[in-house]
Each structure stands twice: as structure tokens, then as C-alpha cells.
Amino acid sequence: MSKKVRLRFAPSPTGGLHLGGVRTVLYNYLFARQHKGDFILRIEDTDQSRYVPGAEQYILDCLAWCGLEPDESPFHPGPHGPYRQSERKAQGIYAQYAARLVQEGHAYYAFDTPGELEEMRTHYKTPENPSPQYNHVLRTKMKNSLSLPAAEVQQLLDAGTPHVIRIKVMPGEDIHFTDLIRGEVHFATDGVDDKVLLKADGMPTYHLAVVVDDHLMEITHAFRGEEWLPSAPVHILLWRHLFGEDKMPRWAHLPLILKPDGNGKLSKRDGDRLGFPVFAMNWTDPATGETTKGFREMGFLPEAFLNMLAMLGWNDGTGKELFALQDLIEKFTLDRVHKGGAKFDFEKAKWFNHEWIRQLPVGAYQDQVLAHFRAAGIDPLPGQQTPGLATALDPVSGLSEIAPAITGAAAVPAFDPIPVTPEEEKFQKILELVKDRCHLLSEFVQQASFFFKAPDPAVIDLSPVRPKWNEAKQQFFVELIRQLQLMKTWEAAVLEKEFKEMAAAASIKPGDLLLPLRLMLVGGKFGPGVFDIAALLGPEETIRRIKGVLTLLQS
RNA sequence: GCCGCGUUGGUCAAUCGGUUAAGACGCCUCCCUUUCACGGAGGAAUGAGGGGUUCGAUUCCCCUACGCGGUACCA
49 MSKKVRLRFA
59 PSPTGGLHLG
69 GVRTVLYNYL
79 FARQHKGDFI
89 LRIEDTDQSR
99 YVPGAEQYIL
109 DCLAWCGLEP
119 DESPFHPGPH
129 GPYRQSERKA
139 QGIYAQYAAR
149 LVQEGHAYYA
159 FDTPGELEEM
169 RTHYKTPENP
179 SPQYNHVLRT
189 KMKNSLSLPA
199 AEVQQLLDAG
209 TPHVIRIKVM
219 PGEDIHFTDL
229 IRGEVHFATD
239 GVDDKVLLKA
249 DGMPTYHLAV
259 VVDDHLMEIT
269 HAFRGEEWLP
279 SAPVHILLWR
289 HLFGEDKMPR
299 WAHLPLILKP
309 DGNGKLSKRD
319 GDRLGFPVFA
329 MNWTDPATGE
339 TTKGFREMGF
349 LPEAFLNMLA
359 MLGWNDGTGK
369 ELFALQDLIE
379 KFTLDRVHKG
389 GAKFDFEKAK
399 WFNHEWIRQL
409 PVGAYQDQVL
419 AHFRAAGIDP
429 LPGQQTPGLA
439 TALDPVSGLS
449 EIAPAITGAA
459 AVPAFDPIPV
469 TPEEEKFQKI
479 LELVKDRCHL
489 LSEFVQQASF
499 FFKAPDPAVI
509 DLSPVRPKWN
519 EAKQQFFVEL
529 IRQLQLMKTW
539 EAAVLEKEFK
549 EMAAAASIKP
559 GDLLLPLRLM
569 LVGGKFGPGV
579 FDIAALLGPE
589 ETIRRIKGVL
599 TLLQS
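Heads up: the first sequence begins at 49 in our numbering, then just goes up one per residue.
Read the hints as simulated data drawn from the structure, not as lab findings. Treat the hints with caution; some may be incorrect.
Said to hold, decoys possible - With a Cα cut of at most 30 Å, we get these calculated DSSO-like pairs of lysine-lysine: (1) Lys474 x Lys516; (2) Lys595 x Lys545; (3) Lys295 x Lys341; (4) Lys398 x Lys341; (5) Lys501 x Lys398.
Please model the complete structure; the sequences and the hints are all you need to start from.
Below, the structure written as C-alpha cells:
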């Protein structure tokens, strides 16, 4: 019987959550769920100088929005706590392992000050070797327990001299491991430097902490970004010395997400520069007060965001692109993860969102759309605090019920929102009517605001109809108003029939009248079918809008 | 510089030695729609270069080029 699968996402709380980070979470999560394992969130806050207040909660919020909730985290502790490395450090967890490594000759004390290290780097820097490493050759020239006499070392220690503990890497060895994505990867220890394990302030570095914590938390699989690959040999050595290489989790180094233009990994700056989000949700830097826009606030559905991220580096081999989280949990395999980095394409991201907007029932996202309307100063549901349909969709259970619509899976009971007020019902009908032309939730505002706020006749561009306007058309609309006032049933089909019959009677091509009507009701050349619009607008408002523009055209 | 990892159309990518080298996004044309979309039908566009191995390489190996990552008491 093999051990229970356990994975962890270990971010440092230093700022907004990058979409690459979310993808790492996603792959962690998918693998954990697929194997009925655990997904853990561990906060790597060992660098107090980079600690940003609020970042931790923000990460949690992002995961909650995405529906990738950890089984164990600082906020929902399990049996392997604490889940913050600063707290683990306070318990003395790391120091003991560092001390053991020193005792057993796998690590040593180093007393070099930051200044001395700087001096060493500039001193040994050459054109051929621009960044000298603190390694097996240079350590003999530095101030450490390997180069100094034992008595002096003891003296320094007794005096409380600030020092770090560094791993002692022995040259001449080949270190290798099997990466779940890349296969065999080799490193010569000659090129591996003596990384600091325990800092002068007693905090572990990532290298020590990741190994100790992965062991203590019984992590079986460790997925992380490709930027970690070069430090893998240090981690392997640590595992070997501390807990045994055979106990080491299986590693998978994920490809990077690259900027759309040029090369290099995608950064927040690229998003600012090119006009798209990079963080999952809005992030406000507490130091500068500057807010960086997130995918959520930009109008993305979490389902689409995740779907898009999943496909950035993975596919199931069939050409299928639309996946709900539940599908991904079932289909995801590491051997189908790409090795090369992928350039982020915002257009494709919007396409995913568009697909999800179209396939999901509007009840699934009407709250978010409502928020966009209100942010734009339009309130489709005045006085309504919380929409009755507020349905917190759980992407696993909730979404799986919707999934068939979009993924073509076998039919299961569909998500069935029940409107509680007539206003809400109307709101939903409107969203339903325009969803096909929205790539972002925020676009519902542009596409449907005219339903809630009549266009000002004075600012409508009438140039498309004005040149061809004549008395016959004028009369048609006067008559149309009269007929509309007599309508018994106010439905799109009925309205259209009436309209066309009147046009025929007046010997005017319906096409010549449709655009004017559209301009009257919508205020622009866009939107769903005019009669659908009129139907939802209702008789009074429809007539009012026609009249408003008609007087203008007459003049 | 050194170490590591990569490299199929503009982008995401399939192919696990033999294909007319899929599909998607985007772009272009046409149809549908007397709006804008959706939808439908087409189109342009790809194996970095050089050596091998093989009857046969996009696929396997080597070299080169290029890109990226790392080279911190940051993660």
C-alpha cells in the first residue's frame, strides 16, 4: 500500500498572485484530487524583509475565487502544522536539522559578513567567471568552520558572532533524478555551490525549509516552476543527508509562462504595458497604494480562467479545449504537460471566457455582472442588496453539473436558477439575450446598458438614417406608435409581424425601417434583434423612445 | 562565463519512424443576418541550422545557433 498522495503549494506572501502561480496551484490541485490525495497551502515567509501585509489573505482569497481550496492551510490547519514557516522556525524545527547536518559533516558554519561576501565576489570576478560561487574551492578562502581552526570557530560561536550554516557540497559527483515532466536530469556537483541553509537571523532559506517541511508534511509530489530546477541538486543532497533520497517526493518542474511579445517570463509589468491582467485578482500594494488589476475584476469567470491556464502547457491529446474543473481532475496527466514555456495570449484567454459566458446559465454569473453595472453607475436592480440568485458555485460540485453543457459529457441535472423577482427575471432575460457578444463580464455593461438607461436622443448618431429620411417614414412611425399602443400581446414575434405588415401596407422595405427603429431603441448600431429588445423594454418605454427620436428626425 | 532546461504556423499545439504535418485562437474571403454578434463554408500560415542512425526522419543521437532559467543570508 503506497502512501497517501500529498501536494503542496508554497508561495511567499510578497504580493499579487501571478497567473503562473495559479497554474502551479491548479496542477497541484488536479493531481491531488485525481489521486484522492491532499492539497496543502504552506506559506513560505522566511524572508521577513520581503513580507507584505495582506498578501497571505489575498492568496487565500484568490484560491477561494478559483475554487482551489486547500485541505490544509494556515487558516484550516491539519495535523502537520504550523503552515507558516515563520511559525515553524519559532518552534525550532529548522535549526535542529541544520545543526545535525553540521554535526555529521554535511554543513558548516560561515562567518562571512555580507560585506565580505560582496568583496569576495568582486575580487574573484573575471570575464570568464562573472559570478564566483561560494563553493568547494572558494570556501577554503573564506571565514568558516572548514577554513578556520576549531578553537577559533568555537570562540566565534561562543561570542555570538553572526553566522550562517552552509551546505558542504562535495565535488566530483553526478546528481540525478527523474523529473516527472522532463525525465532524467543530471547535475555535476562541481557546479553546485554551498548554499546557505540557515540565515544569520535563524530563519531557514527556501532550500532547507522546503526539504524539511516536505518531509514533515509527508509531501509525496512536489510541483514547482522551472526556475527551481537549478537548485534541485541542493535539495536532493539535503534529502540524502537528512531523510534518505528514497523518501524524497517526486519532482515535476513546470514550464514557464512567457510574455506575449519578445521573450522572458511574464511579469506584472508586461500586463500593465500590454493592457491585460497578470494577477488572479486585484492587488493593492499596501506600501504604494497602487492597485494592479486582476482577472476577476477584468471580468473573467473563474471557470474560464482555470480552463485557460490548464491549457497553457497541457492538453489531453484529443483537440478538446473546453474543460470544467471536474474534467480536468479526471483527464490531467503530467506526461502530457509540455516541456517548453508558453507565451501568454490574452486574445485566447478572452475566447475561453467567451465560451464559458455563453455556455453557463446567466444565473451563474449574474451577481458579477450586476457588480459591473453598478460600478458603471447603472443599477439594473435598484434597492436589491444581494441578488436572490446569488449562488456561490463550487467549481467542483456545482460546476460539474453544468459541465455537460460545455464539455459534452453525459447529461446530469442541470443548474437551474429560479428567479425570485420579476426584475431579476427580466435582468436574466437581458443577459441571456446579449451573452453571445460578451467576451468579458464587464462587456455586458456596454452591450446591455441601454435596457436600463434610455439613450439620450440628442447624442444619438442619426447620420446613418437622416439622409434617407422622408415624410413616408415619418408617417410610418407615427402610425407605428398608434398601433403599438393598441397591442394586446407584447411579444417579439407579434411585434415583428405587426411591424412587417405595416411596412408592407406603407410600401416601404422593412429593412429601411429597421435601422431607424434600432437607433431609437438602442442608440447605436449594435445589440440583439430589435423586436427582442422592444419586447423586453415594454410598451411604454418602447413608445417613449420612438417618440423621442422621431421629433428630432422631423426637424 | 558556467550550469540546467527548452526550440512544430503570429500564438496555444497534435504527431510517440512512414500523415496531403491535426485542431484551436487570431487574421483574410464568402454565406447567413438589412445592426453587432453567433453560426456555416473556405483561405493564407509551421518542423531553427548542420551532421549522423535508418529503406525512410518533425519524431532517435551528436554539434551549432537561438531563447529561457539559475548562478543572493529572495523565493
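We went through each hint and held it up to the structure:
1. For the suggested pair Lys474 and Lys516, the alpha carbons sit about 35 Å apart, so the restraint of at most 30 Å is broken.
2. Between the alpha carbons of Lys595 and Lys545 the distance comes to roughly 21 Å, so the proposed pair stays at or under 30 Å and holds.
3. Between Lys295 and Lys341, the direct Cα distance comes to roughly 42 Å. Violation of the 30 Å bound is thereby established for this hinted pair.
4. The suggested pairing of Lys398 with Lys341 holds, with an alpha-carbon distance near 15 Å, which does not exceed 30 Å.
5. A C-alpha spacing of about 27 Å is found between Lys501 and Lys398, which places the hinted pair at or below 30 Å, so the restraint holds.
Of the numbered hints stated above, those contradicted by the structure are hints 1 and 3, listed in ascending order.
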